[in-house]
Structure formats: structure tokens, C-alpha cells
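Just need the whole structure built from these sequences, with the hints factored in.
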Amino acid sequence: MSQNRNLTFGQRFLANEWSALAVAIVIGLVTLATLSSAFLTEFNLYVMLRSFCVVLIVAFAQMLTLAVGQMNLSVGALGGLVAIAVGGMMEKWGFPVPVAILCGLAIGAGGGLINGLLTVRTGINGFIITLATASAFTGINLGITESIPFYNLPASFVAFGTGRISALPYLLLPPVLIAIALAFFLARTVPGRQLLAVGGNPQAAELSGIPRDGVIVMAHTLSGLLAGAAAILAVAQLGSAQPSIGVDWLLMSFAAPIIGGAALAGGHISVAATALAVVLIVIIQNGMVLAKVDPYWVQFLLGALILAAVGLNRLRAVRAGGA
Amino acid sequence: MTPSSDSRARPSWLAEQSNLIGLAAIIILFWFLFTSLAPGFVSSFNLFALSRSLAVDIVIGFSTMVVLATGGMNLAIGSIGVCAVMASGYLMQTIGLPIPVAMALALLLGAFLGWLNGFVIVRSGVNSFIITLASASLFLGGMLILSKAQTFNALPPEIAAFGRMRWGGFVSPLLLVALAIGAALVVLFRFTALGREILAAGANPRAAELSGVPVGRAIIIAHTLSGALAASAGLMLVFRLGAAMPSIGQDWLLPSFLAPVLGGTLLAGGFVSVVGTILGALLVTTLRSGLLVMQIGNFWLQLFLGLILLAAVMIDRYRGVYAERRSLGRKTNLGRKESGRRA
Amino acid sequence: MNHRHHGARLRALPLLAAALFGLAGAAHASDNKIALIPGGPHPYFAPWEQAGKDAAKDFGIAAVDFKVPAEWKLNLQTELVESLVTQGYTAFGIFPGDAVGINSTVEELTANNIPSLALAGCAQDPTKVSFCFGTDVYNSAYLGTKALIEALGGKGKIVHLAGLLVDPNTKLRMDAVEKAASETNGAVTVVQHITDTDAQEAADQKINALLGAQKDEIDGLISTAYIPSVVAAKSLRNLGDKRIKLVGIDDDQIVLDAIKDGFAAGTMAQNPYGQGYVGAYALDLLASGTCTVKADAPFVKTPQTERFIDSGTLLISNANAATYKDDLKKITTEIQTSFKDKYLDCK
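Protein chains in written order, with UniProt numbering: chain A, 1 to 323; chain B, 1 to 343; chain C, 1 to 347.
Just so you know, not all the hints are guaranteed correct.
[What the hints assert, rightly or not] Pairwise CB distance ranges, derived in the manner of DEER restraints:
(1) A/ASP294 to B/ALA24: 30 to 36 Å
(2) C/GLY154 to B/ALA161: 34 to 40 Å
(3) C/GLU334 to B/LEU307: 48 to 54 Å
[As the list claims (entries may be wrong)] From the derived model, a few chain B residues whose C-beta atoms are all more than 10 Å from chain C:
(4) ALA38
(5) LEU105
(6) LEU175
(7) LEU194
(8) GLY216
Derived from the structure by calculation, the hints contain no laboratory data. Model, not experiment: these values are computed from the prediction. Using N, Cα and C, we set each Cβ at its ideal position, and we do this for glycine too.
As C-alpha cells, then:
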């Protein structure tokens, strides 16, 4: 630790989790703002902030399982299930909006709890468990809806999805609150610290009396809860409960935390860096539309970005270690 | 075989056989069930369709299995498969190369992309999950950029004719190709030094390294092989469809893990079961076909597949625990530790 | 949602057909089991269910069932077709999950003496489907773009919102949009094709990003897929923008409302009910073995196939928003009554 004081500002900046991301974001913002006058218009900012919301919570959902060295391949499937459950409860059963939302969150947390319990009780790798439950969740979703969306949602709920105060969408409120709550939870509460401790070094954590299994179940449950929250937000954003919600969350859910420096082995996550990674992804997506890039490049660039981020993290780790 | 590989929760020969027998029993049960409930299930039309999709599922399973042997993963097999597919289409339709040459080159491309994965994984020391997650996007994107997502549908007619060919009324030659690949893999893992090196590298990389196994090389070779197998699965679909389409491979992830995991291959590495993978693929194909024929709403199919995978891995797990308890030399919590912390 | 009951509203149609045919309908009662299979779950196909039931009743067919693959994937569709053959279905009306990829399955059906039609969208030649009965995607995109150019007063910058990139039809639609624009000699330019917008989440993200970035630079939007039409109509309404002209496809209530309120210039209607209804009628005749397709039938040639029959397409604008359904019904009846003489050789 004392070594750190001898580092130059530049080195310390480099050693920081989110420095490279911040630089990339600033470069991206400046470039796009100079290239296109439309970039910083109120509506475009609104559009970017709006597409930021769901992705951020999805990224957090994956980040929590990564924190304990697990994975959750069922984020998208669980999200889809919650989305159609909430839509169905509002359209078919006429549940009031808050009740439907609470039930939806409960289903999300319940799905996560199942993932967690199956993982610790059977001792089977979380990858396989969540691959299987993902298939099961998707199956329930398709079985119930036969892939037909629920369209007739309460007006107030849909209005929340499109409403804005100048460039700020209402939709931004839940992710911001969740981010603050998560940061607080991980840094200041006992369960939050236990979560990081278990991810960092499970043996040591177990020796110091932390209930390892309980913490893993908690991480999965919270992950499911967040997947549910993201799904409800997606329903509000789209104005209809689509069974296809969540189908393409998987890549993004891993990309953001990993670009934000999370290690697959666990113990190393950052709310701020993950959020910045999502910002960067959103800016790049927006920039590609703005620059009229051939649609074929979208896939390619996303893969390149993950590799670049991973490479940069390695480089930084080596440099910081060597200094 | 390195002495250290024994310290892993590697199933004993007996446990492996009991797993295979159990799997076979389940498959026979389902065949009996489907045949008696839906006579059309064993019609030659359905058997032919079944044998053909089974062939592809087996090879997809192999492609993941060889990487699981090293304790790694390959999420890019779908993307590698479609790259090989489009390359073969381009070579045959646009360049006009003869079929065997085009196929060989497409397989080489698959092997090369797999090699690239392995090389980057070994050189960077980054988890194979992340590298192949990223390369899946890169390969697919690259393919789309180069091909503009144009289907090649004017392939030589022999291609589609081979895909339609039936042996003995209801067996697709593709299935024999898949089984031949399986036989080659059995030879590789049972009887060659290379196969044993790959398994040793997966069982305990550090110990393998110490005992002189070139772990990096083994991982790169496993990924190269995985790429070539993914390409073969893609090419089998070209035969089946008579066209090279950019949409091939997009839903391989679940089946690629289903077959080897049902068949008893360990995620942690160090152990593979070729026969198990074949049986795993057969179970999945049987269920998919059987549930459809029985008109159990195709919308519920996915749920059944998920539940069956869960049930299968759990049975396997408990049998594993039971075997461990009986074997005094092993610590019961080893398996748990591995599963909790994937490296 | 309204369009889901689209078929129900057209229930008057069979009465009309029955009246025209008199007892003829009951005369060729058959024990054929016909399956109508869309490419995957999509609101467009919802009228097929009712169309199948009506056709079964009007023409005395044992069963005309609407069977949906669980997801929009070719292999799920082919597996479904294979399992239905096993269950004894004798004829298939298929929307190809992939215009090329479906052909190997169709060939197997033909080998087993099971007739099949491409419904709503075509299979790419060479193909063994008896013929393709549906919307000419190239022509529809071309006409839609023409309508948009007209709404723009003959000049401006337009953006094309298209469906799945890996769907060969998407390329045809892109070409059609380019062709219509090129005929203006540069007065209208296609700024961009935005693809893969036929899923709600992707459409929402991409279309809003487009509007956010370029809403002052573009003058018109042409959408050639169902979901981007709905999303674009919704987004323009949110934005309160009536300057940008939109021409969509299909008659989702959201798009129709947008036309009524001036947020969209029009939309290209297709005829899903007619496709299902006439498709089942033709399949029944083919599967019974009484009829074969005429060698010299007056098929239309399209870039995809040489054996195409147009199921009708028309532009819905403010002028005909109230009456277009009657126009479609008329088209369906016309096609059905003259079908046998025009396209089939019957014993």
C-alpha cells in the first residue's frame, strides 16, 4: 500500500478501475459532439439515457453473481418470465400497478433463490444450473404466452416509460436508486462485505466464519431480483410485455461488468466502473447510428470492445504491479 | 497419466459405466413410451429426420466436449460453425472449387479460428469464457461484414442429394460421419499421448506442467480441435439444408453443453466421455422429437429440456457424492470447491 | 389487441363465399389434414387461425390447423413440420422461416407426396413448393417507398427500417427501396438501412437512437417490417413530429391511429386472412389428388420465384383507412372464386 504514494498522478490514474473507461467516454463524447450537431440535442440525450436504464440493471444483475465467482446465464430468461408475468397480471387479472410490480420482483427473486439453492445444495457448477433453469424459465414463458405479448397495459405505467423532464427520462430514476443502494450495500453493510469476501477468497471467508453457502444464495437471489427489476423497466419502456424481453441480454450482461474490470473468479467488482462501461456501450451504439456505420459492424465492434477492455485490464494490472 | 489427476473427482471406471447404463436405460424408456403412445414416432420418415438432427447434435456436443476436457469453455462454436459454413458456400458457389476441396478449406478455417481462441487464451491468461464470448461476437460480425449476410443457395446439387440420402431406409449417412468422428475421438483420448496431455492439463494444470506436460500447447490443440468440430457440424447442416446460410449456429449454446454434460463430461476438466456425449445427444433429440410427435405443445418443450438437464446433472451429482463417500482417499468437499469457484 | 381478432372481424367472408359456392363447398368434402405454419410467433399471422377454421367449414376439410413454431428459428419450424408429417398431416402451408433453408424440408414433403405452398412469403427458387401465395416483398417495399416519395413531394432523405439481416427477404427489400429512390434521379436519397429491428427491444433502441441523432436531417422513414412500423409510429408520436413522413407495413392499431392523427403517411396492408383461407382451399384440392398445378398458369415472376400469386397489397392512407378491410375481402373472394380455373388442372 505504501508503494502507492510514490506513484505519479498518471500512474495512479492508470491503476484506477474506471480511469480508462472515463477517458474513453470523454473521448467518445467530444468526438461525437464535434462530428454531429445532433449528438448533444435534448432528445438524443434523452434517447441515450433511456437505453442506458435497462442495460445498467441487467449488468448489475450479472455483476452480483460474478462477485461471488458464479455466473447467471438465466438473467435474460428470468427477465422474460417476469416481464410477461407483470404484463399478464396487469392485463388479464387487472392487478394494480404497484401490486403487479411487487409480484414481478418476487418472481425474479424467487427464480434467483432457486438458482442459488440448487447451486449450493447440489454443488453443481452455477453455469450448468443456470443454463438449465434458463431453459426452464424460457419454457414457462413460452408455454404461458405462446409468444403472444400483452399489449394492454395501464396508461400510467406506459406513460412512466416514455415520460421525461427535458433530457431526463423518468425511467432513469430506478437504476440510479439501485446503483446508489448497491454501492452502499457492498461498501457499508455486513452482507455486502461478506459477499465480496466470499468472492475474493472463499476458504479464508469460510474460516473467518462467513456462511459461504448463504452468501452465494443471497447473491443469486439479488441477481434474480435485479433481473426482475430490469424486466419491469423494459416493459414500461416498450409499452408492452413482450415474451422476447431478455433474449439478447446475455452478452451485454457479461460485457459491461467485464469491461468494468470484474474478474470471473469473483471478489472484484465495481458499481461505478460497471455503470461507466454501460455508458460507454450506449455511447458507442448511439455513435454507430450517428456515423451511419454499416449494421454488419455492430456485432464485430462489441466483441472487439470486450477484448480491448480485457487486454487493457491485463496491461494495467501488469503495470501497476510492476511500479 | 500424471499421478495428480487422481486427486480430482474423476469418476471411476465403474461409475462411468453406471452413468452410461443409466443414460441408456432412460433413453430406452422414452423410446418405449413414445413408440407406444405415438406410433408415428418410429415411422421411417421420423427416424430419418431424427437420425439427421442427432448427427449434428452429436458433433456440436463433441465440439464443446474437447474444450471441457481442458477445463475451459468455447462459447464461440456457433460463430465458428457459421464462418465455416459461409466459407464453404463462397468457395463452392463463387469460386467454383470442387466439393472436397471447399469442405477441407472450410474445416481448416474452423480449426484456425479455434486455434486463434486457444492462442489468445493461453497467451493472455484470460479465462476462456471471456475470450470466447468476445470472439463469438467478433467472428459472427466478421462473417456478416464479409458475406453481407447473403445466403449461398446455388451449391452443387450433390450437396443436397447427400443430405437427403437414406441408408437402410431411415439412417442418414451424416449419422455415420458423426459416429466416425466419435470413434476418432475415443482413439485420441484413450490411446494417444496427446489426448492424455489434454486431459492432464484439464485435471490439474499446475501438476501437469510440473510433470512436463506442455499445458499451453494442449489447450491450444483442444481449441483447434473444437473449432474443426464446430466447422464439421456447420458443414453437416449445409448438406442437410442444401444451402449455406448465415443464420446457422445461432442456437447451439444449449445443445452444445447438454450432450456432454448429460453424458458425464466434467465441467472442471480432466475427464470426457465420448459415448456419454453421443447418448446425451440421443436423449435430447429423442425428447425433442417425441414431445413434438405427442403434441405436447411445442411451447412447453423448452421447459422440459431445462428440467431434464437439471434432473440429469443432479442424479449424476448425487451418484458422484455416493461414489466419493465410498472411496476413502477423497475429500468430499473437493467437488464443491471446484464448483463454487470456477477459475 | 385489435389485429389479433382481425380474423374474427372477417367472419362475414365465409358466408359470402358459401353463398357464392352454394352447395359446392360440401361437395368436395375431404379427409385432408392441413397445417398452416408461420415462421414463428408473430402478430401478423394471427388471422390464419380463423382463416383455417373458416376454410375447414366452408370447403368441408377434415382439419385446417394453425401450428406455430415456439420461436422464430428455422430448425424449430422444420422439426415441427417433420413431427406433423409423422402425425398424419397431408398438406402444408408454410411461411418459410428461411426462404432458402426451407427447401430441403419441402423436397422431403414432395418425396412423400405431400403438397406444400409458401404462404405470405416465398421460398427461393429452385423450390418444390407448388407455388408461392403471398405478398411480393420486393413489390410491396417498392410501392411503399413510392408512396413515401410521393408524400415527401418527390425529394428528401429517407431511412429504411428493415427486419432480420439474415433473412434473404431483407436484402430484397433493401434493393427495392434503393430502386424506388434511384428512380428520382437523386432527388430522394436513402441515407441508411437500419436492420435487425424486427424485435421490440432492438427496434426501440435503434429507432429512437436514429431519431435522436438525425431527426432534423431525415425527411422520411420507410419500414418494411411489422415491429419497426409500430415502434416508429409510437416514437414519432412521442416526439410530436409530423414533419418526418412514415410509411409502414401491416395494419397494427398503433400504426392505423398514427395515420389517423397524421403521424404516419400510410402503411402497406397485406392480406393474411386471404392467404390462410385461399391457401387452405388450394392445398385441399392439391392434397386430394383431384387437381394439379397448371403448367401454363398465369404466375407472376418475382426475383424470388417464377411461380408467384399475389395475395393483394394496398396502401392504407387517411383516404381509405375506414374501407380497406372491405377492399381486402373483395380481393380474397376474387382470388378464391377464380382460383381453380386460373391455376389448377382438375379432374
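>> Please list, smallest to largest, the hint numbers that this structure does not respect.
In response: As far as the earlier hints go, 1, 2, 4 are violated by this structure, in ascending order.
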